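Trainee: So the chains spell out like this:
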Amino acid sequence: MAKQHITFTLNGQAVEALVHPRELLIHVLREQLMQTGAHIGCETSHCGACTIDIDNESVKACTMLAVQADGADILSVEGLAANGELHAVQQAFVDEHGLQCGFCTPGMLLRAYRFLKENPTPTEEDIRWGMSGNLCRCTGYQNIIKAVQTASRTLQAE
Amino acid sequence: MIPGVFDYHAPTTMADAIALLAQYGDEAKVLAGGHSLLPMMKLRFAEPAYLIDLNKINELRGISEANGMVRIGAMTTENQLIASDLLAQKCPLIPEAARLVADPQVRNRGTIGGDIAHGDPGNDHPAVMLAVGASFVLAGPAGERTVAADGFFLGTYWTGLEEGEILKEILVPPVTASTGHGYAKLKRKTGDYATAGAAVQLTLNGDVCDSINIGLTNVGACAIKATEAEDVLRGQVITEALILTAAEKAMAMTDPAEDLRGDVEYKTHMAGEMCRRALRQALARAKGGA
Amino acid sequence: MQVNLDKVFKLSGPASNAWTFLQDIPAVARCLPGAEITEQVDDANYKGTVKVKIGPATANFKGDINIKSIDASKQQIQMVGKGGDVKGTSSATMDLTASVRELEGGGCELVGYAEVSVTGKMASLGGRMMNQVSDQILNQFGDNFANQVLAMGEGEAAEAAAEKAAQQPKELNGFAFIWSLLMNNLRKVFGGSK
Amino acid sequence: MTTAESLDRQDKLQGVGCSRKRKEDPRFIQGKGNYVDDIKLPGMLYGDFVRSPYAHARIKSINKEAALALPGVHAVLTADDLKPLNLHWMPTLAGDKQAVLADEKVCFQYQEVAMVIADDRYIAADATELVEVEYEELPPLVDPHKALLPDAPIIREDAAGADEVGQGQRTHPNHIFTWDVGDEAMTDRAFENADVVVSQEMLNQRVHPSPLETCGCVASFDKVRGELTLYLTSQAPHVVRTVVTMLSGIPESKVRVVSPDIGGGFGNKVGIYPGYVVSIVASIVLGRPVKWIEDRIENLSTTAFARDYHMIGELAATKDGKIKGLRVNVLADHGAFNAHAQPTKWPAGFFSICTGSYDIPTAYAKVKGVYTNKAPGGVAYRCSFRVTEAVYVVERMIDVLAHKLEMDPAELRMKNFIQPEQFPYHSALGWEYDSGDYPTALKKVMEAVDYAGLRKEQAEKKARGEIMGIGLCTFTEVVGAGPSKSCDILGVGMFDSAEIRVHPTGSVIARMGTITQGQGHQTTYAQIIATELGLSSEDIQIEEGDTSTAPYGLGTYGSRSTPVGGAATVMAARKIREKARKIAAHLMEVSENDLEWDVDRFRVAGNHEQFKTMKDIAWAAYNNVPEGMEMGLESVDYYDPPNFTYPFGAYLCVVDIDRFTGELKVRRFYALDDCGTRINPMIIEGQVHGGLNEAFAVATGQELPYDEQGNLLGNTFMDYFWPTMVETPVWELDYTVTPSPHHPMGAKGVAESPHVGGIPCISNAVNDAFMQFGASHVNMPHNAWRNWKAIHELGLDKQ
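Protein chains in written order, with our numbering: chain A, 1 to 158; chain B, 1001 to 1290; chain C, 2001 to 2194; chain D, 3001 to 3799.
Since the hints were made in silico from the structure, they are not lab data. Keep in mind that this is a model prediction, so the values were computed, not measured. It is possible that part of the hints are untrue.
What the hints assert, rightly or not - Simulated restraints on C-beta separations:
#: 1; chain 1: A; residue 1: Thr154; chain 2: D; residue 2: Pro3420; range: 56 to 64 angstroms
#: 2; chain 1: D; residue 1: Arg3667; chain 2: B; residue 2: Leu1086; range: 46 to 54 angstroms
#: 3; chain 1: C; residue 1: Gly2155; chain 2: D; residue 2: Asp3143; range: 33 to 41 angstroms
Unchecked claim - Which chain B residues stay away from chain D? Per the calculated CB distances, all over 12 angstroms, these:
#: 4; residue: Pro1039
#: 5; residue: Leu1043
#: 6; residue: Gly1062
#: 7; residue: Gly1068
#: 8; residue: Pro1141
#: 9; residue: Pro1173
#: 10; residue: Pro1174
#: 11; residue: Gly1220
#: 12; residue: Asp1255
#: 13; residue: Met1274
Positions of the beta carbon are idealized from the N, C-alpha and C atoms, including for glycine.
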């Protein structure tokens, strides 16, 4: 089948792409649009390294076709910092040592960003459940949980 | 893990979707949330030549109540089920089970209709549908028909959907004040299929169990309605001893396959244990407890 | 991974019909919807293909069938089917012993014991389903087999069975299961076995 | 003399001991990391493997025609294509060889048979299905216990007649080596004369490190310049360069290997895999860059498993619990090729550290390695080479002995610890432990958790039929490979290196031979240099991973960065400081001997107002140096450690097990680590959290099971267990500090201790839970199913 023309908003910018129907959104973001922040970890939607925000929901971009993103509003880690200012979740991950190798981090950040909109004042238990679609191999999660708590406090204070 | 080549269609009406499905026949596959089908396509177990994406069909979404039934559009996502006040009041077992499906991201894409129609014995909603006494509106070239959940699940990847049909909506009778529900799911970790699961919905008349449905997840070729366990409890004052007997009956009805989650013996026992837990929870709730 | 399956299918008509049919390898193969004998190499060896469709999953297998023994006294046949999917990612072997057993009070049954061994992607990733799927496939095979044997007889039921046999779908799929269910119901209507 | 003013200056440096925020983070949190799959070169092609569906089969034919006919396919490479280059086999670190592409037969499922090179990964994937391979199935050998039977299928026909495959005499075509250490006769005597003897069979199951980023590379050969650039996920880029030269004949000066950001290694990225070799060949042949990235199934199925040690441990003791001897017998399943990634001269690595933290007078260990039809490997998964297995066997055996003696396992440990005054301690199996204080560590943990209270609670629960277990582990690690007398890779001694340049304005660039994969080297090496040179960490840039710029090093694994690379950094910095002292003396016109070092400056003893800061000196180094001194301020050091370092710890774990489902909950995990001098406590704690979570994963869920046909089951993240936040316990950390006497800063390395110590700790807790009811040892992984079986057998699940 011929390539299809799709347009969507990526980090506030209108973008377009020509894609084969079978192309996965994660590949188009990374290889056509060169937004390599979101990563590929498992390809079976278990690890969450490819998590981005589509129309105000967290989505695993490895299990979505690019054609399905036509008309969508997408936020990826590259668009998280606004006007040169780190987002509170980004700063909190640095402050609480919530990352090591950095590979899961963009997915973690995007999920934390959306999770704190869904639940601005979570308990630790809420965080564990709300972030359970993202695997991290390095941190043992303890500092990620702290980072989400810190980000929650920062966002509440803002 | 790269899917094979296919043609993609994203109809905006059911009529178009059904026409496309009729046109392409079994070369086509219907795409709902995609979290079962796309991984199968990436592994090249599934290689449909045509993919008919239902995500743009608005009439498949939404939860409403009419004519004494709660109607759930097949493309309603798990998180929409969880967020629904109507379901929380009228069909609380459904959102409770939805919380245990996969993980937050997957629940944003995964749909109740996809979960039911895929026919995977590991999916959670089939057993829940058996427990709540749901029926399904199936739309096809010859029009619509409504079938009961009980009898719809026939085997692995095998349901009562006929060629050319699409699951359109789920109809659920609302619960009453004396209805209790419970879903117990044992899994290895977040995101996994159940090692065994049990969904229970029962209604009390005074102390007596007036009606009861028990559905079992992932302990057979498809979701199992544990009718023999139900028979033990229906019309009875449910006691702990009866719960144990019912669980034994439920265990006898299972036919699990060994995999990395467990062998037949373990899964059978876990079906019993999940049954006991769901029954106890449903009973407590029916009596007005948590 | 290995799956062992014990199956008994009740058949109508005399055991001699069933035994005759059982020795017709291409016809028996066709009872597995989607299966086709493409070449008879010699008396004991055949080549064939199977197109399996289980829900959304499909696989095309290509392989060889070797008849290890035909024992007329026991009305038993032993064969080994070996095949690989055409993409070279999975393969399967089925060691099958099938016999026709006469029943007291008339009728007979097809008794099958199969050891199905699967290697490759299908075993390593699809193992969760293998047992149940194999069981479903064999059930369908049994239904078709019974139907074919019934069609060898005479009368209304046999004609109906022959007609059904002619409609048998070309591949093993969900629709086929519905079809076989339907057939089961029809069989009830026509007073067939089961 | 320390003053408030100098303390303030010291704080500003952000040197050793402070929890400095990481320098790596800004790029990672903004999506600006640069991992290998992020690299896109002009004209780049993609490689994808055709893999074997069989565990054991002969290849009868390979037909590429259909694949080559697919538009966008550039080449299909098979063993026959590599033969003229003599690259169809490659040497392994263990002295064996491994097929790059299957040569005439396949020996494990998912083995690489051919590589398709195409315009993009989609076409490549399509084409792999079009390569027709005809196989003749052979009987697979899956159970290592059957490997040496007379009628066992011969796996390695290529080596069937060889007297040895790199590691000594063989007795069977499936036999790789038998290695033993210790005094067997004396150990036997200890057992004969013992009051009490215990023996237990146990398994360290086959697992996989599976970092979140899989392995991959981009090979780019410039035909005009004759230069090869290789970007790859390697924990040892310099070694890769040497190996590439050895294999290809391209001079080392024309090979550039770059390890970009690495998404976790954990031992998976030490080895050299067929994907790298074939990508290089393809790039050379096609003259275009070639990318190969494995998917998760390929990662779990082919590149580097760990463990698979089938062990029998035995202890001999007096009736009051003094251990007199240890005997260990191991059957090691190495898979189809001995690709055991370890640099020691011993076939079982550091396994002989198995006497642990205990003063055991005599010991004997024997390891037999065999081939099976499984993936090759045997990597050190977040540990030094076979240390996890060694610690597991001794820590489990201590508990088994305690159970037999009806003695508390803490008491038994206390009774047998190597005492602080015994260091440096020479173990029965030949190690020289540098330093330690085990009793203090265990006492601290027991007090922190109220050990007696926990045991009381456990007894109460037992009476109610509830299943609670308490596990202890008091491990000693051996890390920091290593003295080159003991360790080398293909003949290159295991030193490591640092090169430091101080710029005129006082900023620094430093490059090391190690490579970070999340450990935060860019942060911590800067802290070391900051402390040594008195320059702010913020002005110190650390670079690693590019063989064209960094000094030669052996890489990062086996917790060697701090013990070896860190030591090299200190030594290089100290060379600079010595030169700086001379320059300072020259500038202030005083004798070098009159100068003293004060945080960030040389000052004149007795006159603290007269000083030159390091920044002043840096400037002078480029315009005003003493006569006869060459200008500039830089140094390099290649550090060959005199000994290993021996980090240790005391861990305690409390588990509750659901008696109806077998589900396990780690209610408490208290980990005290002693890694000597602590460079960055924040990073240490992060490393410990991560290592503990890995230990939790291995102990309670991870395994790579094979069925009888040699099918690998469970090779996606659906089945292969990685805990999410929901399952992960809360970690409580503590520490003591016992510096290493031979390391220039006293640091020992930490990242692996929690993995090595955590696994037996959890396993001891689970076994403690069951053994109190009379069960015998239960193997890992302690998943719900396995737990329930033990429960069911004990009859504890009665309603």
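Trainee: Beyond 12 angstroms from every Cβ of chain D: is that where the Cβ of Pro1173/B lies?
Mentor: Answer for Pro1173/B: holds, closest chain D Cβ roughly 32 angstroms.
Trainee: Is the nearest CB of chain D more than 12 angstroms from the CB of Leu1043/B?
Mentor: violated, 8 angstroms
Trainee: So is Met1274/B really clear of chain D, every C-beta pair being over 12 angstroms apart?
Mentor: violated, 9 angstroms
Trainee: Please check whether the beta-carbon of Gly1068/B is more than 12 angstroms away from every beta-carbon in chain D.
Mentor: holds, 38 angstroms
Trainee: Starting from the range 33 to 41 angstroms, see whether the pair Gly2155/C and Asp3143/D falls in it by beta-carbon distance.
Mentor: violated, 57 angstroms
Trainee: Per the hint of 46 to 54 angstroms, is the separation of the Cβ atoms of Arg3667/D and Leu1086/B within bounds?
Mentor: Hint violated: Cβ distance 39 angstroms, outside 46 to 54 angstroms.
Trainee: Check the non-interface label on Pro1174/B: least C-beta distance to chain D beyond 12 angstroms or not.
Mentor: holds, 32 angstroms
Trainee: Please verify that the nearest CB of chain D lies beyond 12 angstroms from Pro1039/B's CB.
Mentor: violated, 9 angstroms
Trainee: Compute the least Cβ-Cβ separation between Gly1220/B and chain D, then decide whether it is above 12 angstroms.
Mentor: holds, 18 angstroms
Trainee: Quick check for students: does the CB of Asp1255/B sit more than 12 angstroms from each CB in chain D?
Mentor: It holds; Asp1255/B is separated from chain D by about 18 angstroms at its closest Cβ, greater than 12 angstroms.
Trainee: Is 56 to 64 angstroms right for how far apart the beta carbons of Thr154/A and Pro3420/D are?
Mentor: violated, 46 angstroms
Trainee: Measuring Cβ to Cβ, find out whether Pro1141/B lies farther than 12 angstroms from everything in chain D.
Mentor: holds, 33 angstroms
Checked against the numbered hints given earlier, the structure breaks hints 1, 2, 3, 4, 5, 13 and satisfies all the rest.
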